[in-house]
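S.K.: Here's the letter readout for the chains.
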Amino acid sequence: MRELATVCCKRLSALGGTVAVVVAALALALAMSGCGGSKTPTEVVLVTHDSFAISNDVRKAFEQQSGLTLKILQAGDAGEVVTKALLTAGNPEGDVLFGVDNNLLARTLDGDVFEPYESPGLSDVDERYLLDPRHRVTPVDHGEVCLNVDKRWFSERSLNPPDSMDDLADERYHGQLVVENPATSTPGLAFLLATIARYGEGGWQRYWAGLRANGALVVDGWEEAYTVRFSGAAGSRGNRPLVVSYASSPPAEVIFRSPHPKEAPTGVIEDSCFRQIELAGVLRGARNEAGARALIDFMLSRRFQEDIPLSMFVFPVNRNAALPPAFVKYAIVPANPLVLPPEEIDANRERWVDEWTRIALR
Amino acid sequence: MDANRPALTARSWRVLAYGVPLGFLGLFFVYPLVAIVVRGLRGTNGETALDILTDPLTREVVWFTLWQAVASTALTLVIALPAAYALGRYRFPGRSLVRALVLVPFVLPTVVVALAFLAVLPERLERGWEAILLAHAFFNVAVVVRVVGTFWASVDPRVSEAAATLGAGPWRRFREVTLPLLAPALAAAAAIVFLFCFTSFGIVLVLGGPRFATIEAEIYNQAVRLYDLQAAALLSLVQLAFVALAVWVTTRLERRLAVAGQLRAERDVLRRPRTAGEKALVAGGIGGLALFLALPLALLVERSLAVGGGHGLGAYRALGDETSALLVAPWEAVVNSIVYAAAATAIALVVGGLAAFAVSGPRSGDGRTRVLDVLLMLPLGASAVMLGLGFVIAFDEPPLAFRAAPWIVPVGQALVAIPFVVRIVAPTLRAIDEREREAAALLGASPGRVRREIDLPIVSRALAVAAGFAFAISLGEFGATVFLARPERPTLPVAIFRFLGRPGELNAAQAYALAVVLMLVTAVSAFLVERARVRRGGWV
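Which chain is which? The protein sequence lines are A and B, in order.
Numbers 0 to 361, taken from numbering that gives the first Met the number 0, label the letters of the first sequence in order.
Numbers 0 to 539, taken from numbering that gives the first Met the number 0, label the letters of the second sequence in order.
Think of the hints as simulated: they come from the structure by calculation, not from any bench.
In this text the structure is predicted, and so the values were computed from the model without any measurement.
Misleading hints may appear alongside valid ones.
[As the list claims (entries may be wrong)] Facing chain A, according to a computed beta carbon distance under 7 Å, are these residues of chain B, among others:
1. Leu204
2. Ala305
3. Pro486
4. Gly503
5. Glu504
6. Leu505
[Stated by the list, open to error] Computed list of lysine to any residue pairs in SDA-like fashion (alpha-carbon distance at most 25 Å, straight line):
7. Lys59(A) x Leu325(B)
8. Lys70(A) x His310(B)
9. Lys59(A) x Glu487(B)
10. Lys261(A) x His310(B)
11. Lys70(A) x Asp395(B)
12. Lys70(A) x Glu301(B)
For each residue, glycine too, the CB sits at the ideal point set by N, CA and C.
One chain only, chain B, in its complex shape:
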């Protein structure tokens, strides 16, 4: 009887690791999306599916969406990798601060930044694809810097050092030793950035002008402006097909490229830059990124101070006053955002953490796991417009009458945060040397104990990074939140958007002032997570 115990524990663990994520995604993602697509496809207005899919305009939109997403991802990688290297290899003053600050652009509402950007963009860059790519890089470098940087910091430097003693030059060491070890994290980060750019909406609208449209923008146009749900449903299927393909390829790559072994605690890896060359690399990587990110952020601060023909704190003082733009005083949005984000982070860590174990476990090769792996990423790439409409018709009747429940907001935010948790935690889990687990099991440890004592310490680092990301995503999430949030409890991005939609100097300044507050909340919370991570001893 006793001999059976470990097997049972392993099984119930597996049920939990598959069941919770599948149940959550099934209920809050697959079901509403299927409901709205089926509804759309049922109605017909004389057009056939073929007409819509073979329309040259559709082809043009799909092609633009695809190439700009690929180019934006490449540009983001190029800009972010030097900084990821500096953060993943070296210890230097202000390192935690840099890691916290890099998250700031990622949470900002795209429309505010795009409008601030337009005010200073040289005329010839306006309304071109160049501005779109640069803006995508601005928002997404955080993903690469943090996902790749964190993984880099756990890759044992001794492998590379050994290659050096064998006579390999720095470039060759990077290409043949470091790059293969980093590949899974690179694939994961690239997948996330690609999905964000592929479904980009606000940036393309504002910076690209009327000439450019992504599939997502066209879905919005069809569903909301023209009320052609059939076209919207078809387009969202096209979008989902591309997203699923991209996710399938990258998760395969991530798995194929995973090299087990030699993960180390960060404090054993990081060291101070020694030679002048190393110092230059660190300064260049961090300084270059800082310059790239600082300009738009400084602009937001400047705009928030522009009141009364000069500069002052008027907009900040007004945040405590009643306003016609919101039903509550603007500062309450800060509190709402933090509460919602904390709840969403908790949901995302539980669901995403379990899913990460499921997709990186010993059965990770089988078909079911691969499907789960792809499914987990889809919320990042599915049409937010269609999902929002799906929520309205899917959750309208008991027992599923949640469309007005307050907890639906963090649930919607968690849908976007879960893919991050999985993509950050899974590569680390896969890289744990299976021999360590086997050795522990051989010494009589139950699977639960193996997880607790081998996996968890290494994973807690990745979990902390994931928590920071999930919190930031929920703080900045707009697409789902604006559909679901109650006006008595607006979040910061929702409040910013409301102010931006009104004429008058004070309203504009208050929108930018709230954006600056959002920047501060993000930076402070990310910094606190960083500190907690550094302080807890042991593996972390």
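Looking at chain A on its own, in the form it has when it is part of the complex:
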């Protein structure tokens, strides 16, 4: 009997010990997570992707003007950010989400992630950037994915660079192009969409078969395509003078090179440009909804819009925002870029990418 009692007690105290440890851990966790209860919010949280950037003084300007601390939450690329927003719809990680683009828009709207908000700042924004009539999302910037050309490479060889994307299947440009895989890269997907927008459902397949036959190289990401394979990136040992990148890449080649070259060493093929619009929205279930609206208003203001080119290397949507001199001089804003409706992209994306994989890779 005594024996049994001891065994029981041992078991019990062992269990008690484990419980105590777990309870202690939880208590500690609670204390550290600092749930302060409900009081007036003093901060607004912006959930965004890795490429988001803002100058310190612009950030301070918002904080002074709104009386709120701006907290920025960056974790992953736009796809990861949207995935997390969909998973946490209704109980979001922050108040505003920025970084949804036209490729991801339909999926995000289907997931009921946003609360509609029509910012007064929209009066300064062109109609063509408005993708949702219900204003669940607000356009903030646009960037164009374009074929970039290493102008110096061609002039050193006294050759003419291609001036239209139609030329790329031409013999003369054999083995000169590097593109990103649309299954793994955002600019890669944009360029595939560009070819679909330009050559249509019936024609893009033939175009890509031509590129493949002409020795186009497919790599997985922009980093490899641009910094390793492309000959025009500073310091690169790449040997391909044509690459899929952005309309803002040529000014970057000037700004980040010392001494600044007189002329941009690279340029873009204008008819290949595909428009990407980046949008922001107030997250449904935001803890600080008023702060979220104030942040969206600020993102459309000239102060923020004029900071966009040099911090994120895309273009402002506010028509009154002035471009920095380097952009005026070295960048072109394509007048009539290629576009596809977000619903069409969402409905066909997977099929297009699968078909592309068969044509360009297998």
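With chain A held as given, fit chain B onto it using these hints.
M.R.: Just chain B now, kept in the frame of chain A:
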């Protein structure tokens, strides 16, 4: 009453040794992973589980993942063992430095090294499995050199010497004496390398090109690109099943192969190489490894200096300036990395150290312990993508609202470091001769005192190695950190990644410059741990 005291102490010790690791893993690993998998499996999009699992593409991905992981592990062992032998048997000038430097490749972000590598790789090696295997070996030799080398240095050389006097040749002595004694450490190191290669992501993407994909890469594709959580959840279960099987086999092997007895302090084991043959072996083992590791590292240094059309220190000078790539000056990432890594190391040593005692104790044969042993390794082989998503939905509400807490970063890093602590410490603990413990107990020592005076001195050596590893892992950890770190406090790998994603010469050079800084921080901290280890007298 007094007679009961030791038993009580033993019991509370056991509760601690099982309870802390189980509680930690349960809360920060099992719970978020289960949450995201359940969420994924609940949603359906017309496809059945069977469709996804029997898809030929899935089979192809699983097969590639499996064979490349096995081949990479074998290659890593072949390249690393000669150096492990040299470090485990001989004393020579610069030995501590070599042990510190070997850790450097292990912490580097895979994408930076892969990109630097691509620039010099001969064209025919590009986009092939050969480059993938070589890169896996490059990153993982540190595991074999340090885990096996350290264990080797505590194996009593007199056993082998006795065999020699009995007429056994060197090959036979290696096969029949040394190898069986080393087997547990070999199994442990191979298990870790296998898991790293099995879940490899960045290397396969960059060096393999679009033709190759591991299960992890496909999980990312399904979850993030296609938002098909059901497929992602199923694939992560497939991955976890393979990982659990591999861990179960190797931990069994490790236990089965453990030969108790004859562990010695390093200073009694190491000696200078005497004969010309021994000297050649040491020089060959260390020199060969150095050549293999030096080329990619030298490349990183060269790339960090490439600015303004020539070479210079411009990128390093710019590390103090404000940049659009980060919200803080880049040098602050160095401080953040060190602080996070120190916290993660402390967590990993406490949780992993306790777990090592639990899985190597007298009850190590029973089912519960085996489950714990396997569970401890799983964070290394589980899908980082799914775990990251799991954190977001599992820790979203009080009382578990930690997804935005700053301490969640070292916790995530510690999840990856704990398996190392366990795998390094447990084989040493098992090899302690039980008779020594029994003798001490017979002389009246309490279990606590037995642990303190018999186990701890021998184990502190392994703990030091484990601490070095845990620190290095946390410094270099990217998968969990990028999901959890706040932008005001980026770590070095996060900062490197941000610079790499921007066009322009200076941005690229700064990414490589930060990689070089990461190399230096790793080498210096590993060297300091080495020195502390050598200097403390006694057993250590």
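S.K.: It remains to establish, for every hint, whether it holds in the given structure.
M.R.: Verification of the supplied hints:
1. Leu204: With a minimum Cβ separation of about 5 Å from chain A (threshold 7 Å), the hint on Leu204(B) holds.
2. Ala305: At about 5 Å, which falls below the 7 Å cut-off, the nearest Cβ of chain A leaves the hint on Ala305(B) intact, so it holds.
3. Pro486: Hint on Pro486(B): holds, closest Cβ of chain A at ~5 Å, below 7 Å.
4. Gly503: Nearest chain A Cβ about 3 Å off; hint holds.
5. Glu504: Holds, about 3 Å.
6. Leu505: 4 Å, holds
7. Lys59(A) x Leu325(B): It holds: about 16 Å lies between the C-alpha atoms, which stays within 25 Å.
8. Lys70(A) x His310(B): 38 Å, violated
9. Lys59(A) x Glu487(B): Distance of about 14 Å is within 25 Å: holds.
10. Lys261(A) x His310(B): Distance of about 21 Å is within 25 Å: holds.
11. Lys70(A) x Asp395(B): 17 Å, holds
12. Lys70(A) x Glu301(B): 37 Å, violated
Consistency with the previously given hints fails for numbers 8, 12, ordered from lowest to highest.
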